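Engineer: Protein chains in written order, with numbering that gives the first Met the number 0: chain C, 0 to 81; chain E, 0 to 200.
Just so you know, these hints were derived from the structure itself, not from any lab. There could be a bad hint or two in this list.
To be verified - Chain C stretches covered by chain E per the calculated footprint, using a threshold of three residues with CB under 8 angstroms from any CB of chain E: (1) 36 to 44; (2) 63 to 72.
As the list claims (entries may be wrong) - Residues from chain E that keep clear of chain C, each with C-beta distances beyond 12 angstroms, as calculated: (3) Leu74; (4) Asn91; (5) Arg94; (6) Phe118; (7) Leu138; (8) Phe143; (9) His147; (10) Leu150; (11) Val153.
To be verified - SDA-like, lysine to any residue: derived pairs with alpha carbons at most 25 angstroms apart: (12) C:Lys22 - C:Leu11; (13) C:Lys22 - E:Val72; (14) C:Lys22 - E:His18; (15) E:Lys114 - C:Ala21; (16) E:Lys114 - E:Ile101; (17) C:Lys22 - E:Leu62; (18) C:Lys22 - E:Ala57; (19) E:Lys114 - E:Ser129; (20) E:Lys161 - E:Leu150; (21) E:Lys114 - E:Leu54; (22) C:Lys22 - E:Glu53; (23) E:Lys114 - C:Val18; (24) E:Lys114 - E:Val39; (25) C:Lys22 - E:Glu61; (26) E:Lys114 - C:Leu8; (27) E:Lys121 - E:Ala171; (28) C:Lys22 - E:Val39; (29) C:Lys22 - E:Ile101; (30) C:Lys22 - C:Ile32; (31) E:Lys114 - E:Leu62; (32) C:Lys22 - E:Ala25; (33) C:Lys22 - E:Phe118; (34) E:Lys161 - E:Ile101; (35) C:Lys22 - C:Thr1; (36) E:Lys114 - C:Leu11; (37) C:Lys22 - E:Ser58; (38) E:Lys161 - E:Ala25; (39) C:Lys22 - E:Ile69; (40) C:Lys22 - E:Asp63.
This structure is a prediction, so every number in the text was calculated from the model and none was measured. Cβ atoms here follow ideal geometry from the backbone N, Cα and C, with glycine treated the same way.
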Amino acid sequence: MTAATFQWLALLTLTALTVGLAKAGVSSSTALILVLLATLIKGRIVIDRFMALQGVSGPWRWIVLGWLLLVLGLIAFAFQHA
Amino acid sequence: MEAALNVSLSASAPHGDRHDLPGDLAMWFFILAELLVFGVFFLAYAFARTHNVELFNASQLELDRLSGAINTVLLITGSYFVVRAVDQIRHNHARACAHWLIAAMACGGAFLVLKLIEFSAKFEAGINMSTNTFFMFYLGLGFFHFMHVILGMVILGAVALKAWRGGYHAGAYSGVETGAAYWHMVDLVWIVLFPLIYILN
Chain C
0 MTAATFQWLA LLTLTALTVG LAKAGVSSST ALILVLLATL IKGRIVIDRF MALQGVSGPW
60 RWIVLGWLLL VLGLIAFAFQ HA
Chain E
0 MEAALNVSLS ASAPHGDRHD LPGDLAMWFF ILAELLVFGV FFLAYAFART HNVELFNASQ
60 LELDRLSGAI NTVLLITGSY FVVRAVDQIR HNHARACAHW LIAAMACGGA FLVLKLIEFS
120 AKFEAGINMS TNTFFMFYLG LGFFHFMHVI LGMVILGAVA LKAWRGGYHA GAYSGVETGA
180 AYWHMVDLVW IVLFPLIYIL N
C-alpha cells in the first residue's frame with residue numbers, strides 16, 4: 000500500500016468518526032473538540048501530504064497550516080461562547 | 000540531463016528535506032486569497048450563530064447529513080486520485096496521469112450532482128437564502144464552493160488533456176502540480192465546511 004493510499008484511508012476513517020460522533024449524541028462540548036480535532040488532522044494530511052507542503056522552503060506550509068489553525072480555533076471559540 | 004535529475008530528485012525528496020513549492024507560485028497566491036475569503040465566511044457563520052443558536056441548530060436538522068458525508072468522501076477520493084496522477088507523471092506515465100485526473104473529475108462531477116439534488120430538495124421545500132440566516136450561509140457558502148468545484152474540474156480537464164497529448168513528462172510537470180494544488184484547496188475548504196455547517200451544533 001502506498002503512503003497516499005494510507006492517508007486516503009485515514010481521511011475516510013476520520014470522516015466516518017466525525018459523522019459517527021454526530022449520530023452518537025455525544026455532549027456538545029466534547030463533540031465540538033473531537034470533531035474539530037478530527038478536522039485539524041484531516042486538514043494537516045491534505046496540506047502536508049496531498050499538497051506536499053511539508054518540507055517546502057519558505058513560509059508556505061506555515062501560512063496554510065496557520066490558516067487552518069486560526070479558523071478552527073476561532074470556530075471553537077465562537078461555539079464555546081454561544 | 001542534470002536539470003532533469005535535479006527536478007526528479009526534488010520531486011521525490013523525503014519529507015524531511017527542503018524542496019521547492021510544487022507548481023506555479025501564482026497559483027499559491029491565488030489559493031491563499033481563496034482561503035482568506037472562505038475563512039472570513041466560515042467565521043462569519045460561526046459568530047452569526049452565537050446570536051441565533053436555537054435557530055441554527057433547528058435549521059441544521061433539516062440538512063441531508065448523509066449527502067454531505069458522501070460528498071466529503073467524493074472530494075477526499077478525488078484528491079487522492081490527483082495525488083496518484085502527480086505520482087504517475089513523475090514516473091513519466093502521461094496517459095496514466097490523465098486517467099487518474101479524469102477519475103478525479105468524475106468524483107467532482109458526482110459531488111456536483113449530489114449537491115444539486117440537495118439544493119433542489121431545499122428549494123422544493125420552500126427554503127431559499129432569505130428563509131433565515133442559517134440557510135443564507137448554507138446556500139451561499141454551498142453555492143460559492145460549488146463554483147470552485149466547477150473551476151477545479153475545468154483546470155483538471157485542461158491538465159488531463161495536455162497530459163494525454165504528451166505535454167508533460169517526468170522532467171516537466173509543474174502544470175500537473177499547479178492543477179493538483181488548486182484541487183486540494185477545494186478539498187481542504189470542504190473538509191472545514193462539512194463539519195461546520197452539517198455537524199457542529
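Engineer: If a hint holds in the structure, say so; if it does not, say that too.
Structural biologist: Status of each hint after checking the structure:
1. 36 to 44: Holds: 4 residues of the stretch 36 to 44 of chain C have a Cβ under 8 angstroms from chain E.
2. 63 to 72: holds (count 6)
3. Leu74: Answer for E:Leu74: violated, closest chain C Cβ roughly 10 angstroms.
4. Asn91: Non-interface label stands for E:Asn91: nearest chain C Cβ at 17 angstroms, farther than 12 angstroms.
5. Arg94: holds, 19 angstroms
6. Phe118: Per Cβ check, E:Phe118 is outside 12 angstroms of chain C; nearest 21 angstroms; holds.
7. Leu138: holds, 20 angstroms
8. Phe143: holds, 15 angstroms
9. His147: holds, 15 angstroms
10. Leu150: Non-interface label on E:Leu150 holds, nearest chain C Cβ at 17 angstroms vs cutoff 12 angstroms.
11. Val153: Holds, because the least Cβ-Cβ distance between E:Val153 and chain C comes to about 20 angstroms, which exceeds 12 angstroms.
12. C:Lys22 - C:Leu11: Between C:Lys22 and C:Leu11 the Cα gap is close to 17 angstroms, so the pair holds against 25 angstroms.
13. C:Lys22 - E:Val72: holds, 17 angstroms
14. C:Lys22 - E:His18: Violated, at about 42 angstroms.
15. E:Lys114 - C:Ala21: holds, 21 angstroms
16. E:Lys114 - E:Ile101: Cα-Cα ~20 angstroms, so holds.
17. C:Lys22 - E:Leu62: Given pair C:Lys22, E:Leu62 holds - Cα atoms ~14 angstroms apart, limit 25 angstroms.
18. C:Lys22 - E:Ala57: holds, 16 angstroms
19. E:Lys114 - E:Ser129: Cα-Cα ~19 angstroms, so holds.
20. E:Lys161 - E:Leu150: Roughly 17 angstroms between the alpha carbons, so the hint for E:Lys161 and E:Leu150 holds.
21. E:Lys114 - E:Leu54: holds, 23 angstroms
22. C:Lys22 - E:Glu53: holds, 19 angstroms
23. E:Lys114 - C:Val18: Distance of about 18 angstroms is within 25 angstroms: holds.
24. E:Lys114 - E:Val39: holds, 22 angstroms
25. C:Lys22 - E:Glu61: holds, 14 angstroms
26. E:Lys114 - C:Leu8: Holds - the C-alpha atoms of C:Leu8 and E:Lys114 are around 23 angstroms apart, at most 25 angstroms.
27. E:Lys121 - E:Ala171: Outside the cut-off at roughly 46 angstroms; violated.
28. C:Lys22 - E:Val39: Violated, because 28 angstroms separates the two Cα atoms, which is more than 25 angstroms.
29. C:Lys22 - E:Ile101: Status violated; Cα separation ~34 angstroms.
30. C:Lys22 - C:Ile32: This hinted pair holds, its Cα atoms lying about 16 angstroms apart.
31. E:Lys114 - E:Leu62: Satisfied, since the Cα-Cα distance of roughly 12 angstroms is no more than 25 angstroms.
32. C:Lys22 - E:Ala25: Violated, at about 42 angstroms.
33. C:Lys22 - E:Phe118: holds, 23 angstroms
34. E:Lys161 - E:Ile101: Roughly 12 angstroms separates the two Cα atoms, so the pair holds.
35. C:Lys22 - C:Thr1: Roughly 32 angstroms separates the two Cα atoms, so the pair is violated.
36. E:Lys114 - C:Leu11: Satisfied, since the Cα-Cα distance of roughly 19 angstroms is no more than 25 angstroms.
37. C:Lys22 - E:Ser58: Satisfied, since the Cα-Cα distance of roughly 17 angstroms is no more than 25 angstroms.
38. E:Lys161 - E:Ala25: Holds: E:Lys161 and E:Ala25 sit about 20 angstroms apart, inside 25 angstroms.
39. C:Lys22 - E:Ile69: holds, 15 angstroms
40. C:Lys22 - E:Asp63: Roughly 13 angstroms between the alpha carbons, so the hint for C:Lys22 and E:Asp63 holds.
The structure is inconsistent with the numbered hints 3, 14, 27, 28, 29, 32, 35, although it conforms to all the rest.
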